Amino acid sequence: MNRVVRAQTWIDERLDFAGLLSPLRNKTVPVHRHSAWYLLGGITLFLLLVQVCTGVLLLLYYRPTTAEAFESVQAITYHVHFGWLIRSLHSWSANLMVLCAFAHMFSVAFTRAYRKPRELTWISGVFLLFIVLGFGFSGYLLPWNTRAFFATKVGTEVAGQLPLFGHSIMVMMRGGEDVSGATLTRFFGLHVVILPSIAASMLICHLWLVQQFGISLPPSIELRWNENASQRNEMRFFPNFFLRELMGWYLVFGLLICLAVFLPWQLGVKADPFTPAPPGIKPEWYFLAQFQTLKLLPSRALFVDGEVLGIVAFGLGATLWVGLPFIEQMLGDGGRRSVRLGILVALLYLAVMSVLGYVAK
Amino acid sequence: MTTEALPASPLEDLQARNLSRRFWMRLILGTIAGSCTALIYPILRYLSPPAEATVSTAEALAGTVGDLAPNSGKTFRFGSRPALLVRLATGEYRSMSAVCTHLGCTVQYRPEENKIWCACHNGCYDLNGKNVSGPPPRALDNYDVQVRGQEIYAIRKQAA
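As you go down the protein sequences, you meet chains A and B in turn. Last residue of the first sequence: 361 (my numbering), numbering continuous. Last residue of the second sequence: 160 (my numbering), numbering continuous.
With the rest of the complex left out, here is chain A (with noise of 0.2 angstroms):
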């Protein structure tokens, strides 16, 4: 016997890791045209695998005060040795992230692989996108720069306009009624601890309930392998579907390497609080469309300010939205429909939004 194999039975022998790994022996994943966006998920998590190995790098020698963050941001970018490349991977991986989130969800949402019984796991995705997205605007403070200055400003007000206990919220939110340096440090706390935490225990149970689930077949699909159980077609998952999905991470890492080296990420200007919000200051693309929303709102609209109208819509969209697989439930067949319209609706506004907010001037 040799040692690899004999270290390989002491360990089972005491932690049975044959059985803890042998669910992921047996699944399976279905194979049909659509198999390619399965790999989304994966490639998701391996950027948060990207951002927490970078950001723990970024700690050593971040200094979360007013008076030292940008200095500190500045020192990694041009003095710590490949400071400028793990900064650039952190800030392209983490935007990468948002976007492989999005497209997995949306890919996730029209092929209804919300139905019974993976309502769950709809559920803890969206929230799991929520942290990501909590992720990034807390993480944009960090610098300390004028566009992070003025995008945690009114990132921090839109709470604020919030019925009820919005003042309380911005309040807690900033560490007093302005953006300073208490801010500075709650949202460092935030990027570095908690939400990491909330990430980490709502992910485990993403994946167990994928696990637990198996992989959701496209309603078309399905029918069609019921009807003709011939055309059933699945590969496993160990080794065949993770070998492919290593191969999407590979590539995906390729593009991270280009884009931080060839397009590293720029630092801006330091924060001054008593200077006027700089023309052209625009959130990171993935809040565009709130942004351009906010914009395009008239002062005054059915009654309320403009503002608030658009948070109220835009938590009510968000609650919808977590909703959906009940929702669909509700309705009824005729009503799938209509969701599937909802969603496309969903996706278009984003995506015009978000062009209309790149362009505007």
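By construction, these hints were calculated from the structure, which means they are not laboratory data. Careful: at least some of the hints might be erroneous.
Pairs of lysine-lysine, DSSO-like flavour, derived with a Cα cap of 30 angstroms [as the list claims (entries may be wrong)]:
(1) LYS361/A with LYS74/B
(2) LYS115/B with LYS74/B
(3) LYS27/A with LYS116/A
(4) LYS270/A with LYS115/B
(5) LYS361/A with LYS270/A
(6) LYS282/A with LYS115/B
(7) LYS130/B with LYS282/A
(8) LYS74/B with LYS270/A
(9) LYS361/A with LYS130/B
(10) LYS130/B with LYS157/B
Where chain A lies over chain B, by a calculated footprint (3+ residues, C-beta under 8 angstroms) [unchecked claim]:
(11) 94 to 104
(12) 116 to 127
Since the structure is predicted, the reported quantities are computational estimates derived from the model, not experimental observations. From the three backbone atoms N, C-alpha and C, an ideal C-beta is built for every residue, glycine too.
Following the hints, complete the assembly by docking chain B onto the known chain A.
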């Protein structure tokens, strides 16, 4: 043999046990709920920062004569918030809060259009601070301007 000596009927016994179980369940759930509240309340209070003991600023130094050319503007500190000093083409000074009433960005003077503009969501105000276009729902707070020697002061208007 008397009936008093007999044990309670099975039904009564069950009812008594259920009552007792209900009592204990309520007690345990109440204790858990009470403990959670006792834990969450201080945490929530801890998260809300204590109110800053600052006196509301009545006036602030906005700049000095000669700082601003006609038809230009600058931001300055009014207490803990930014404020705007504008010198009109006529030479007259105006001052107002620089915090946009829409979502709190810092506004600026646009000399080419003679208006006050917020870059965040394209809100516009006239030179009296009145919201004239875009999303801002209210006018900017106006300050009185006093020139004392070489110094220009912005003074909070007294409530009527």
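Practice problem: Test coverage of the segment 94 to 104 of chain B by chain A using CB-CB distances below 8 angstroms; three residues minimum. | Solution: With 4 residues close enough to chain A, the hint holds.
Self-check item: Straight-line alpha-carbon gap LYS361/A to LYS270/A, limit 30 angstroms
Solution: Holds. LYS361/A to LYS270/A sits at ~22 angstroms (cutoff 30 angstroms).
Quiz item: For the pair supplied as a hint, LYS361/A and LYS130/B, is the alpha-carbon distance within the 30 angstroms limit?
Solution: holds, 23 angstroms
Quiz item: Does the alpha-carbon distance linking LYS282/A and LYS115/B stay inside the 30 angstroms limit?
Solution: Since the Cα atoms of LYS282/A and LYS115/B sit roughly 21 angstroms apart, the hinted pair holds (cutoff 30 angstroms).
Quiz item: Under the criterion that the straight-line Cα-Cα distance not exceed 30 angstroms, is the pair LYS74/B, LYS270/A satisfied?
Solution: holds, 19 angstroms
Quiz item: Given the hint that LYS115/B pairs with LYS74/B, does the C-alpha gap stay at or below 30 angstroms?
Solution: Measuring from Cα to Cα gives roughly 13 angstroms; hence the hint holds.
Quiz item: Between LYS130/B and LYS157/B, is the straight-line Cα distance small enough, at 30 angstroms or below?
Solution: Distance of about 16 angstroms is within 30 angstroms: holds.
Exercise. Could you grab the alpha-carbon distance between LYS130/B and LYS282/A and see if it respects the 30 angstroms cut-off?
Key: At roughly 25 angstroms apart (the allowed maximum being 30 angstroms), LYS282/A and LYS130/B satisfy the hint.
Quiz prompt | Distance restraint between LYS270/A and LYS115/B, which requires alpha-carbon spacing of 30 angstroms or less | solution = holds, 27 angstroms
Quiz item: Is the hinted pair LYS27/A and LYS116/A satisfied, with a Cα-Cα distance of at most 30 angstroms?
Solution: It holds: about 20 angstroms lies between the C-alpha atoms, which stays within 30 angstroms.
Self-check item: Coverage of the segment 116 to 127 of chain B by chain A, judged on three or more residues with CB within 8 angstroms
Solution: holds (count 5)
Self-check item: Straight-line alpha-carbon gap LYS361/A to LYS74/B, limit 30 angstroms
Solution: holds, 23 angstroms
Checked against the numbered hints given earlier, this structure breaks none of them.
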